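As a plain string of letters, each chain reads:
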Amino acid sequence: MELQRITKKYGDIVVNKDISLNLEMGKFYVIRGHSGAGKTTLLNIMGLLDVPTQGKVLLDNQEVNKLPERDKADMRMKNIGFIFQEFYLNEALKAYENVMIPMIINPSLHKTDIKAKSCGILDELGLGQRVHHYPGELSGGEKQRVAIGRALANDPRYLLADEPTGNLDRKNEVKILEILKNIAEREKTVVVVTHSEGVLEYADHVYMMDEGSLMSYGTEI
Amino acid sequence: MEQKYRWLLVRRNLRAKRRTWLKNMLLMLVACVLILVTGGLAYSIDLFMTDYLLGAPWLRDLRVDAFIEDKDRVLEALNGLAEENSHIKDIFEQNPGATCEVADAEKYGKMGFDMSDPWYGYIVPESDGYLDDRYLSGGRWIERGERNVGLLPEYFTMNLTGDMQDWNTRLTYVDGEKLIGERISLRYYTYRIMGDELVKDREFTYEFDVIGTYHNLKAGQDSGTVIFPDDDIREMTENVERNTEGITKDLGVHYHVMVDAVENMESVKQQLLEIARDISNARVTPVGGPGSLEILSDLLKSVGIVIGIALFVIEGLILATTFYHQIHDRTKEIGVYKAVGYRNHHIISIVSGEIMAAGIITFALSVMISGGFMLCLSMILKWKATLLLTQIQFALSGSHLLLGLVLSATVMVLGSAGGLIQALRLEAKEALVVRRK
Ligand SMILES: Nc1ncnc2c1ncn2[C@@H]1O[C@H](COP(=O)(O)OP(=O)(O)OP(=O)(O)O)[C@@H](O)[C@H]1O
Ligand SMILES: [Mg+2]
Chain A
1 MELQRITKKY
11 GDIVVNKDIS
21 LNLEMGKFYV
31 IRGHSGAGKT
41 TLLNIMGLLD
51 VPTQGKVLLD
61 NQEVNKLPER
71 DKADMRMKNI
81 GFIFQEFYLN
91 EALKAYENVM
101 IPMIINPSLH
111 KTDIKAKSCG
121 ILDELGLGQR
131 VHHYPGELSG
141 GEKQRVAIGR
151 ALANDPRYLL
161 ADEPTGNLDR
171 KNEVKILEIL
181 KNIAEREKTV
191 VVVTHSEGVL
201 EYADHVYMMD
211 EGSLMSYGTE
221 I
Chain B
1 MEQKYRWLLV
11 RRNLRAKRRT
21 WLKNMLLMLV
31 ACVLILVTGG
41 LAYSIDLFMT
51 DYLLGAPWLR
61 DLRVDAFIED
71 KDRVLEALNG
81 LAEENSHIKD
91 IFEQNPGATC
101 EVADAEKYGK
111 MGFDMSDPWY
121 GYIVPESDGY
131 LDDRYLSGGR
141 WIERGERNVG
151 LLPEYFTMNL
161 TGDMQDWNTR
171 LTYVDGEKLI
181 GERISLRYYT
191 YRIMGDELVK
201 DREFTYEFDV
211 IGTYHNLKAG
221 QDSGTVIFPD
231 DDIREMTENV
241 ERNTEGITKD
251 LGVHYHVMVD
261 AVENMESVKQ
271 QLLEIARDIS
281 NARVTPVGGP
291 GSLEILSDLL
301 KSVGIVIGIA
311 LFVIEGLILA
321 TTFYHQIHDR
331 TKEIGVYKAV
341 GYRNHHIISI
351 VSGEIMAAGI
361 ITFALSVMIS
371 GGFMLCLSMI
381 LKWKATLLLT
391 QIQFALSGSH
401 LLLGLVLSAT
411 VMVLGSAGGL
421 IQALRLEAKE
431 ALVVRRK
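From first to last, the protein sequence lines are chains A and B.
Note that the first sequence covers residues 1 to 221 in this note's numbering.
Note that the second sequence covers residues 1 to 437 in this note's numbering.
For the record, the hints were derived by calculation from the structure and aren't laboratory data.
Mixed in with the good hints, there may be bad ones.
Calculated cross-link-like contacts (lysine-lysine; reagent style DSSO-like; alpha-carbon spacing at most 30 Å) [as the list claims (entries may be wrong)]:
id, chain 1, residue 1, chain 2, residue 2
1, B, K429, A, K175
2, B, K332, A, K78
3, A, K117, A, K188
4, B, K17, A, K117
5, B, K382, B, K301
Computed spacing ranges between beta-carbons, pair by pair [as the list claims (entries may be wrong)]:
id, chain 1, residue 1, chain 2, residue 2, range
6, A, D12, B, L26, 45 to 55 Å
7, A, G128, B, R19, 29 to 39 Å
8, A, E211, B, V406, 58 to 68 Å
9, B, L22, A, D210, 51 to 61 Å
10, A, E69, B, G372, 41 to 51 Å
11, B, R425, A, K9, 18 to 28 Å
12, A, K9, B, R19, 42 to 52 Å
13, B, L22, A, L58, 47 to 57 Å
14, A, E69, B, L26, 31 to 41 Å
15, A, G128, B, L402, 45 to 55 Å
16, A, Q54, B, L22, 48 to 58 Å
17, B, V313, A, E69, 30 to 40 Å
18, B, L26, A, D210, 51 to 61 Å
19, B, S302, A, D113, 54 to 64 Å
This structure is a prediction, so every number in the text was calculated from the model and none was measured.
Cβ coordinates follow ideal geometry from the N, Cα and C atoms, glycine included.
Could you put together the complete structure from these sequences and hints?
Spelled out as structure tokens, the structure:
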């Protein structure tokens, strides 16, 4: 995925300022910056949830930011997994059913036993004993692992996480970061937006966002 | 999206929101049951009336009474009318009947029958025209010139209890068929006046063979009316008249004008009233009429539908607000659907699935409840009511089932439209944003 000269404005306010970034496969990216700097906005543009005012988003060398919404929805389903600070699990669904949500609409999984597949994903995330639990019965760390399972459901190439450890204690944060690092090592691209210092040691590339501008903060620390 | 998973999501979401859904479903259930039950009742009564009662002679019978000295004038006018009006099927003079008492009634009664009361019934001559061989239900009809034979009602009660007047819950019915071939001995009386009261004076007996039964419920009565040959009746009447001073001498004449169908009763009645106006003291009386039952069925239909629809409208408004709030509470859930690539048709299919499931469950429940109610009603009637009313076949009416279904669907669709549009408009980036202070 490549971002070319992305600018995002709300009226006169420039939230993202002329940002170019090339996301390589198998790398762990971290974007830091103070509140209101425009991190979530950029992540949403990468994730095709938002459109830039200027600039291009390229996926497999195809300009995707101007595609109609239904094509972008398809691209999100196949290529992008989201992880949110507040997990956003469906409280009415069991853990494995939450993981199944993205699989349900994936036509290439038509004949697959998606229940077994989602249980397998949760098992790999260390939640083998928790697949039939409802989110209300899980701890914060476990919930976030279920959410990671959901993000991995359709085997996307990009994993975009907005403050994934913001609601977790240090012990759980480490666990989640280990998992994300692991995922990146399996030839996926992980982008984490965070305030947390603890992420830095896992990152391949760290960027700093300041008043809409993205600056490389240093790599391979 | 496979239906299997669509319904999984629908099931889980309905369960999670069961409180809200149950409240909505309950109101719709009441509205639906009301429409179904009242519609079914009206339909059953209608069916009963057209199938049973409207064919009955007593509903097509207009009686003209006049003084004996006007007999010729009345008869001439009536015959003239009958010639020009094809709706008049028959005109006959009412034969003087008599009450009778069956000796050894207890022999034919069933267990639990009150033996202390003998069987009283009317006697009708065969040529009366009120009942004819179309009403034969067993055995055979009286042949020309036959004597000392009679036809009994298919079912009959002792003591002349009219079904339409009394809800006598303790009636026991005698099966007329079982009496075919029996010889029955009947007593009839002359009367005299003592003070204000009519008391039995002299007693005569008459014996007859039961040769058949007639369908008295289709004829609209369940009393023990027996049909005898004209000659036998004449003999009995003469016997009574010979032995009575004055009181059986009737100073009036009574003509029955039989109309072909209930709907033509009113026009014939108007013509008869015109005739009666020219003859002093002549009267026209409808003997029977669907009256109260018809009004009841119309009333049931309209009241049920009005209240039912009003409830549906209220339900539509309540559903619209609750559903709107529900979608508002579900922005995160819908935001996630959108973020992971759900398209609008997926979201419509989930949300409309919930509405459909709730609607179908409610409708099915209301059909079951209404059907159960009708079943209970017919069971209670079979157990408690008189024979005539037990002939009503209670069933739900197809048109009201359709009406209930259409109304439920409409209310569901309209009630959820606002919320659904709100869900489709939602953008994931707005829905999933965390607002930090
Ligand atoms: N829809 C919108 N309309 C107007 N302004 C917006 C809108 N969305 C975001 N903004 C503004 O854009 C700026 C950047 O927001 P963004 O959510 O990207 O910041 P962030 O870096 O993620 O902050 P935080 O660390 O608090 O999550 C903020 O000033 C915010 O108020
Ligand atoms: Mg943010």
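Hint check:
1. K429(B) / K175(A): holds, 27 Å
2. K332(B) / K78(A): holds, 21 Å
3. K117(A) / K188(A): At roughly 19 Å apart (the allowed maximum being 30 Å), K188(A) and K117(A) satisfy the hint.
4. K17(B) / K117(A): Between K17(B) and K117(A) the Cα gap is close to 28 Å, so the pair holds against 30 Å.
5. K382(B) / K301(B): holds, 24 Å
6. D12(A) / L26(B): 45 to 55 Å: holds, 53 Å
7. G128(A) / R19(B): 29 to 39 Å: With a Cβ separation near 33 Å, G128(A) and R19(B) satisfy 29 to 39 Å, so the hint holds.
8. E211(A) / V406(B): 58 to 68 Å: holds, 60 Å
9. L22(B) / D210(A): 51 to 61 Å: holds, 53 Å
10. E69(A) / G372(B): 41 to 51 Å: Distance hint for E69(A), G372(B) holds at roughly 49 Å.
11. R425(B) / K9(A): 18 to 28 Å: Hint holds: Cβ distance 23 Å, inside 18 to 28 Å.
12. K9(A) / R19(B): 42 to 52 Å: holds, 44 Å
13. L22(B) / L58(A): 47 to 57 Å: holds, 51 Å
14. E69(A) / L26(B): 31 to 41 Å: holds, 39 Å
15. G128(A) / L402(B): 45 to 55 Å: At roughly 52 Å between Cβ atoms, L402(B) and G128(A) fall inside 45 to 55 Å, so the hint holds.
16. Q54(A) / L22(B): 48 to 58 Å: holds, 52 Å
17. V313(B) / E69(A): 30 to 40 Å: Since V313(B) and E69(A) have Cβ atoms about 36 Å apart, the given range 30 to 40 Å holds.
18. L26(B) / D210(A): 51 to 61 Å: holds, 57 Å
19. S302(B) / D113(A): 54 to 64 Å: Given a distance of about 56 Å, which is inside 54 to 64 Å, the answer is holds.
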